[in-house]
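Peer 1: Sequences are here, hints too, so could you generate the full structure?
So that you can map any letter, position 40 of the sequence shown is 40 in full-length UniProt numbering, and since no number is skipped, the others follow by simple counting.
It is worth saying that the hints were derived from the structure and are not from the lab.
Here are the simulated DSSO-like pairs of lysine-lysine, each with C-alpha atoms no more than 27 Å apart in a straight line:
1) Lys80 <-> Lys70
2) Lys53 <-> Lys70
3) Lys52 <-> Lys62
4) Lys75 <-> Lys92
5) Lys42 <-> Lys52
6) Lys53 <-> Lys43
7) Lys53 <-> Lys42
8) Lys85 <-> Lys101
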Amino acid sequence: MASSDIQVKELEKRASGQAFELILSPRSKESVPEFPLSPPKKKDLSLEEIQKKLEAAEERRKSHEAEVLKQLAEKREHEKELTHKMERLREKDKHVEEVRKNKESKDPADETEAD
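Peer 2: Now the structure itself:
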């Protein structure tokens, strides 16, 4: 759009800003693009093409399902590993506590024997 097609009409001027109106000239016939009134007709799909699309969709569904199952299996395996690790840590803590109790019970006896 050329600048000669636009007119600026000032409405108000204030300290906070300025108000104005833009007046555009009507469109010229040259600038109006010719669009079809209705969308283009879709090509009729043959039975074979429809079947191919259905098979492709089924393959995508199966692939997605396999991926989800794989992720779930990996998550379960990770959870099992964490559970096993926690169990080992509990056993170590138990062992450390037993050793600590044994040391505490032996220490006073050792002191009395030394006297």
